[in-house]
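Keeping their order, the protein sequence lines are chains A and B.
UniProt numbering applies: residue 1 is where the first sequence begins, and numbers increase by one.
UniProt numbering applies: residue 1 is where the second sequence begins, and numbers increase by one.
To be clear, the hints were calculated from the coordinates, so they are not data collected in a lab.
Yeah, the Cβ is synthetic: ideal placement off N, Cα and C, and Gly gets one too.
Any given hint could turn out to be false.
[Stated by the list, open to error] Below 20 Å or equal to it, Euclidean Cα-Cα: the simulated EDC-like pairs (lysine to aspartate or glutamate) are:
(1) 123/B x 177/A
(2) 41/A x 116/B
(3) 51/A x 186/A
(4) 123/B x 100/A
(5) 157/B x 139/A
(6) 123/B x 138/A
(7) 153/B x 171/B
(8) 157/B x 138/A
(9) 84/B x 116/B
(10) 115/A x 111/B
(11) 153/B x 100/A
(12) 84/B x 138/A
(13) 84/B x 100/A
(14) 80/B x 99/B
(15) 80/B x 116/B
[Unchecked claim] Over the 10 Å line for every Cβ pair with chain A, so calculated as not near, a few chain B residues:
(16) 191
(17) 205
(18) 246
[Stated by the list, open to error] Cβ-Cβ distance ranges computed for the label pairs, FRET-style:
(19) 167/B x 224/A: 20 to 26 Å
(20) 8/A x 167/B: 55 to 61 Å
(21) 117/B x 68/A: 17 to 23 Å
(22) 180/A x 197/B: 51 to 57 Å
(23) 58/A x 230/B: 54 to 60 Å
(24) 220/B x 115/A: 22 to 28 Å
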Amino acid sequence: MFRNQYDTDVTTWSPAGRLFQVEYAMEAVKQGSAAIGLRSKTHAVLACVNKANSELSSHQRKIFKVDDHIGVAIAGLTADGRVLSRYMRSECINYGYTYESPLPVGRLVVQLADKAQVCTQRSWKRPYGVGLLVAGLDESGAHLYYNCPSGNYFEYQAFAIGSRSQAAKTYLERKFESFPESSRDDLIKDALFAIRETLQGEKLTSSVCTVAVVGVGEAFSILDQATVQALINEFEISGEEAPATASVAEEGAGDAAADQGGAAAEEEAAPMDI
Amino acid sequence: MPSEQKLGSAIVDTVFANMVSSQNESSLLSSEGDSQRTQYPYVTGTSVIGIKYKDGILMAADMGGSYGSTIRYKSVERLKQVGKHSLIGASGEISDFQEILRYLDELILHDSMWDDGNSLGPKEVHNYLTRVLYNRRNKFDPLWNSLVLGGVKNGQKYLGSVSMIGVHFEDDHVATGFGNHLARPILREEWREDLTFEEGVKLLEKCMRNLLYRDRSAVNKLQIAKITEEGLTISQPYSLKTFWNFAAFKNPTVGAEGSW
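Using the sequences and the accompanying hints, generate a full structural model.
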């Protein structure tokens, strides 16, 4: 995208029918460090890459628990993500207070999307610069949604956002057909494999990633570092490629996956997560 | 004076915005202009009884609307459907019940408008009503009702009650008003988890007959409603057989000549 005369205002259309400010907001998501989500019928897993700025600083939190049955992973402007997480928590609590019942994920996602849409239609606002992967449980099982700065939302079996997410998406595209029937642990392993793809050869340890799970009978929780490291060791030491799946042919997990174009940062923390 | 009424602004939860906007601005104390604070009920319904049975919930209520000690209306439907999964029975002020039905109508409407496969079940409706009633009580402007809320969703039976001050219970059998004193003891003895529909109806009729004999606001015209996973039916009104042929009734003034 190049700078042009229609991109100053979010309320200005381009002659081609585009809102450039909204599209620029979606660029901000692509600059954030990767976050991935996947789900089976009964569980949903979120994982993200957590790179600290320097050795001296801690890394940013990109996964938030919204309620016992909902969690969210963000990519992009973390501050915007925090604010939206707070909104989501508030909505869940209010619904629970009135109805003694968990807010259905699908409804929370729509409310979130409508909130984002408002910012695309007010001249004094700007779109939220954050993409959210919302994982949650309701009566019909586990769900994964992606909420976009544009106010769109989509439901996914598996998805990845942020920088180098294309590598993860390629991996997920190969495996997704097996996800609905996957066990909880296989789902987590697949999430870790997908995260590894985005690291482009860098070593996967529990200090660079965060994993969270929610499922039937299991409240949303972020797995602690030790557990994650144990899982990583389990599949790297055994030399196992991705766990055996029903229909998909196995490729070497070390295949260089095509990176998505446009991502600038290679080794450093993605700039937008600062 | 309207400006005086706005002293001490009430904190309005957006959930109740629809409810508050339908009445005048209430301050922390209702109607500063009036000297009264408590409302009085005018047209009232008497007990409602609800029980869980094998396939769902059974509820019974008579069709009387009393105006003080006068039995003014004899065809008041006090059992109503709420959405796909719930049944509500009300005692107390009938006009407040009608208002509650309007709130519930709007609630269910907005719920269906999501059009997303999710729907409010009896537990959610019960809690919503609890919030509404408790909130009104805190404003010294109660909805003068005791409600029974029952239903079945995804195979789960639910039965609860909530009073005009927001006291709520969930149980295998509930009742309002006189039903608590006259029907619950019978139910405590004779209620079982696996009652069939016929057994449940018989049990409810036993309770309703008792109420008919002893509650002066009861009328002998009742409806029984049944809600199961499949759906809801409210019976046509009918009457119970009563027995008055007791010796003491035949000659009531024996032992007290001159009395009536």
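Here is what the structure says about each hint:
1. For the proposed pair residue 123/B and residue 177/A, the alpha carbon gap of about 36 Å is over 20 Å, so the pair is violated.
2. Pair hint residue 41/A plus residue 116/B holds up; C-alpha atoms about 18 Å apart against a cutoff of 20 Å.
3. Using a Cα cut-off of 20 Å, the hinted pair residue 51/A and residue 186/A is violated, with the two alpha carbons roughly 25 Å apart.
4. At most 20 Å may separate the alpha-carbon atoms for a hinted pair to count; residue 123/B and residue 100/A meet this at roughly 7 Å.
5. Between the alpha carbons of residue 157/B and residue 139/A the distance comes to roughly 16 Å, so the proposed pair stays at or under 20 Å and holds.
6. A distance of roughly 15 Å separates the Cα atoms of residue 123/B and residue 138/A; the hinted pair therefore holds under the 20 Å criterion.
7. Restraint check for residue 153/B and residue 171/B: satisfied, since their Cα atoms lie roughly 16 Å apart, inside the 20 Å limit.
8. Between residue 157/B and residue 138/A, the direct Cα distance comes to roughly 19 Å. Compliance with the 20 Å bound is thereby established for this hinted pair.
9. Restraint check for residue 84/B and residue 116/B: the C-alpha separation of about 14 Å stays at or below 20 Å, so the hint holds.
10. With a CA separation close to 19 Å, the supplied pair residue 115/A and residue 111/B stays within the 20 Å bound.
11. Restraint check for residue 153/B and residue 100/A: the C-alpha separation of about 15 Å stays at or below 20 Å, so the hint holds.
12. Distance hint between residue 84/B and residue 138/A is fulfilled; the C-alpha atoms sit about 18 Å from each other, no more than 20 Å.
13. The hinted pair formed by residue 84/B and residue 100/A meets the criterion: a straight-line CA distance of about 18 Å does not exceed 20 Å.
14. Simply put, residue 80/B and residue 99/B have alpha-carbon atoms about 13 Å apart, close enough for the 20 Å limit, and the pair holds.
15. A distance of roughly 25 Å separates the Cα atoms of residue 80/B and residue 116/B; the hinted pair therefore is violated under the 20 Å criterion.
16. Non-interface call for residue 191/B relative to chain A: holds, since the shortest CB-CB distance, roughly 24 Å, exceeds 10 Å.
17. At roughly 32 Å from the closest C-beta of chain A, the C-beta of residue 205/B stays outside 10 Å, upholding its exclusion from the interface.
18. Against chain A, the non-interface label of residue 246/B holds: every CB pair exceeds 10 Å, the least being about 48 Å.
19. About 43 Å separates the C-beta atoms of residue 167/B and residue 224/A, a value inconsistent with the hinted range of 20 to 26 Å.
20. Between residue 8/A and residue 167/B the C-beta distance comes to about 59 Å, which sits within the given range of 55 to 61 Å.
21. A C-beta distance of roughly 21 Å is found between residue 117/B and residue 68/A, which places it inside the suggested range of 17 to 23 Å.
22. A beta carbon spacing of about 39 Å between residue 180/A and residue 197/B contradicts the range 51 to 57 Å that was offered as a hint.
23. Separated by about 56 Å at the C-beta atoms, residue 58/A and residue 230/B satisfy the suggested range of 54 to 60 Å.
24. In this structure the supplied range 22 to 28 Å is violated for residue 220/B paired with residue 115/A, their Cβ-Cβ distance being about 56 Å.
The structure fails hints 1, 3, 15, 19, 22 and 24 (numbered hints given earlier, in ascending order).
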